[in-house]
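K.L.:
Dock chain B against the given chain A, drawing on the hints supplied.
As a plain string of letters, each chain reads:
Protein chains: 2
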Amino acid sequence: MDLPDHARERVVIREVGLRDGLQSIATILSTDRKREWIRAACEAGMREIEVGSFVPSRLLPQLADTAELVPFAKSLPGLTVSVLVPNLRGAERALGANADLMIVPLSASHAHSLANLRKTPDEVVAEVARIRAVRDAAGSKTLIEGGVGTAFGCTIQGEVARGEVLRLVQALLDAGADRISLADTVGYADPAAVRALFADAVKIAGQRFWSGHFHDTRGLALANVHAALDVGVRRFDASLGGIGGCPYAPGASGNVTTEDLAFMLASMGYDTGVDVERLLDLRAQVAGWLAGEELHGTLWRAGLPKTFHREAR
Amino acid sequence: MDLPDHARERVVIREVGLRDGLQSIATILSTDRKREWIRAACEAGMREIEVGSFVPSRLLPQLADTAELVPFAKSLPGLTVSVLVPNLRGAERALGANADLMIVPLSASHAHSLANLRKTPDEVVAEVARIRAVRDAAGSKTLIEGGVGTAFGCTIQGEVARGEVLRLVQALLDAGADRISLADTVGYADPAAVRALFADAVKIAGQRFWSGHFHDTRGLALANVHAALDVGVRRFDASLGGIGGCPYAPGASGNVTTEDLAFMLASMGYDTGVDVERLLDLRAQVAGWLAGEELHGTLWRAGLPKTFHREAR
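Chains as they are written, first to last, in the working numbering: chain A, 1 to 313; chain B, 1 to 313.
The following block holds chain A by itself, in its conformation from the complex (with noise of 0.2 Å):
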C-alpha cells in the first residue's frame, strides 16, 4: 500500500551495543573499530548511541575508550551520546566528557542490587540526588537518566513488586533525575506485565518516560517491546547483532536485537528514521570483528521481505 501522507509517528532506538553488549563479551573491540561502528549507525539513521560506560577500566577493560568516544561521537552530526555512570566518580568524568546523557542504573531488587552495585536501591537514588548538585553546580546540560532495571523480577530475589518500581521511578524523578527507564533486565517481563509497568511509569513520568529495555532472554523482547508501544512508550535501547546478555543464563540472547526492532517498527509503519539495509550491512561487519561470539537476530539471515520497501519505506 501507498505511504500516507502525514509524517508517521517517531519511535527512536537507542543504539546500547557499544555498552551493555560489548562489556559481555570477551573480545576488545579497539577503538577505531568502535568509531566505525559509530559512525556507520550514524549513516544508517541512528540518532542516539550509548557509547560506554564510566566504570574503572580494570573492571571492564572493554570500555575502557569512553571518554576518546564521547567526542568522536558528539562530532557527528545530530547524535544524542549517552554513557553510563554507576556513581558520582562516573558522572563527574560524563560531566568531562560532555555527553547528552548520563544513565544511572539503579536495580529495584534489593538483592540484585547490593550483590551489583554494593548499594540499596535507596543509597543509588541518594547518589542521583549528588549527581544532581553536582551537575547543576557545574552549569552542564548532561541529562541524567535514571535506569531503573530487574523491573519484572531477578535471578537472586526472584519476584520484584510493581509498587516498589514505581516507589523508585518516583523517588529517582524527585532526586532530579530529567528521564526514566525501565529494563527487564533478565528478560523475566511477558507483554501482559509490561502493558500494566510501563503504563503506570509512565503515568507518574510523563514525558520524563524515557526508554524501555528489553532483554530477549527467553525470547519475548519483540513482544514486550509491542507491548510498551501500546501504552506509549516510543523510545527503546536495542543492540546490534543481540549481543550483551545475562551472566545468569550463559547462551541465552542478549538485548533486543537492533535490526530485527528497526524492521519490526519500519513494517508497523513507525519512522525510526533507520534505513534497515544499512543496519544490516553494519551488522555484518561487526559479526566479524566479533568472530567467535556468539550473536543473535533474525532478520540477518532471512533478509527484508519483498514486500517491505512499497509497505513501510
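Hints are not guaranteed to be accurate.
Stated by the list, open to error - Each computed DSS-like pair below joins lysine-lysine, with the alpha-carbon atoms no more than 27 Å apart:
#, chain 1, residue 1, chain 2, residue 2
1, A, Lys203, A, Lys141
2, B, Lys203, A, Lys119
3, A, Lys306, B, Lys119
4, A, Lys119, A, Lys74
5, B, Lys119, B, Lys74
6, B, Lys203, B, Lys141
To be verified - Chain A stretches covered by chain B per the calculated footprint, using a threshold of three residues with CB under 8 Å from any CB of chain B:
#, stretch
7, 73-82
8, 109-118
9, 151-163
10, 259-266
11, 280-293
Worth flagging that the hints you see were computed from the coordinates, not collected in a lab. All figures in this text were calculated on a predicted structure; none of them were measured in a lab. The C-beta atom is built at its ideal place from N, Cα and C for all residues, glycine as well.
P.N.:
Frame of chain A; chain B shown alone:
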C-alpha cells in the same frame, strides 16, 4: 502475585511440528517416535495436534504414516486430532481415518497458489465445496478448516491485498468450511498488519475463526501472536523446537516455537493447560531424535524464570 480466584481465559496451542515441522526437514522420524511425541505432548497438556498430512507419500515420505498416527492420537484422552489435506483425495483419506479436523490450505497469493498447489485460490475454494459435500454425504463429523496462507504477502508476487484475503475467507465459509485460519507463511507479517487483518477476519468468521499460524522467519512471531491476542484470537499453531521453515529462506526460523509460546501465554496469565517444564523435557527428547537438524526457540537455553511458578501457574 497470587492467582485470581476466577478461572483464567483459555488459549489453545495447536502443535503442528509433526506436520509443518517434519515435512520441511530431511530426517524421517519413525512412527514409534512420532507416537512417543504425540503421547508426551498430550501428557504435557496439549489438547490439539496436527499429526500429519494426507499427501502422496512419494511427495512427503516424512509424513507417510499419517493414517497410522490418526487412530493412535485419537485413542488419547481429550485430544483433538488434525491433519492437512491438499485436495478431495486427501480429504477422503482423512474421513476414512476419522480425523477430528482436516485443514485445507489455500494460498491467498495467486502466484504462490499456482506455484505450490497448481490451482488458483478460487479452485481451492471449489475443492472445499466438494470436500464439504462428500463429508456431509458420508455423515462424518470431521471438521473442515480453510487455512488461508500467504495472508501477508509472499516471496513470489510480494504484496497480497487485504481485501483479497478477506474475500477468500468469506468464500471459504460460503463453500462450507467450518473453521477459518490465517497463516503468515513466509514471515512477512508485523503486529500492526496482524491486528488489522485478524480483526477483520474475526469480524467475518466470528466463532468460526480458528487459529493464527505465524512463522518466525524474521523474529516477529511472538509479537504477532500478541497482536492477534489483542483482537480476540485464542488459538495458535506452534511447533516444538520451532521446526518448520521456508524453502525460500534457508536457515530461517520455522513456526513459532511451542515452548516459547506456552511460556509467554502462561506468563501473561492465560490458561493453556500446558505444563511448560514437561514441554521443555519433550523438546530435549525431540532435539535428540532430530540431531543435525536446526532447531529454534529461546526458552530452552535460559530456562524458566524464578518468578514463573508463583506468577503464572
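K.L.:
CA of A/Lys203 to CA of A/Lys141, is that 27 Å or under?
P.N.:
Between A/Lys203 and A/Lys141 the Cα gap is close to 25 Å, so the pair holds against 27 Å.
K.L.:
Measure nothing beyond the straight line between the CA atoms of B/Lys203 and B/Lys141; if it is 27 Å or shorter, mark the hint as holding.
P.N.:
25 Å, holds
K.L.:
Count residues of the stretch 259-266 of chain A with a Cβ under 8 Å from any Cβ of chain B, then say if the count reaches three.
P.N.:
The restraint on the stretch 259-266 of chain A holds, since 3 of its residues have a Cβ under 8 Å from chain B and three suffice.
K.L.:
Would the pair B/Lys203 and A/Lys119 pass a check requiring their Cα atoms to be no farther apart than 27 Å?
P.N.:
At roughly 54 Å apart (the allowed maximum being 27 Å), A/Lys119 and B/Lys203 break the hint.
K.L.:
Can the restraint linking A/Lys306 and B/Lys119 be considered satisfied, given a maximum Cα separation of 27 Å?
P.N.:
Roughly 23 Å between the alpha carbons, so the hint for A/Lys306 and B/Lys119 holds.
K.L.:
Three residues or more, CB to CB closer than 8 Å: is that satisfied between the stretch 280-293 of chain A and chain B?
P.N.:
violated (count 0)
K.L.:
Just to be careful, I want the Cα atoms of B/Lys119 and B/Lys74 compared with a cutoff of 27 Å; is the pair within it?
P.N.:
32 Å, violated
K.L.:
Is the coverage entry for the stretch 73-82 of chain A by chain B consistent with the three-residue Cβ rule at 8 Å?
P.N.:
Our answer is that it is violated, as 0 residues pass the Cβ test (under 8 Å) against chain B, missing three.
K.L.:
What's the verdict on A/Lys119 and A/Lys74, does the C-alpha distance respect the 27 Å limit or exceed it?
P.N.:
Roughly 32 Å separates the two Cα atoms, so the pair is violated.
K.L.:
Quick check: the stretch 151-163 of chain A, covered by chain B? Criterion 3+ residues, Cβ under 8 Å.
P.N.:
It holds, with 6 qualifying residues against the three required.
K.L.:
With a C-beta cutoff of 8 Å, work out whether three or more residues of the stretch 109-118 of chain A approach chain B closely enough for the coverage to hold.
P.N.:
violated (count 0)
In the structure shown, a violation is registered for the earlier hints numbered 2, 4, 5, 7, 8, 11, in ascending order.
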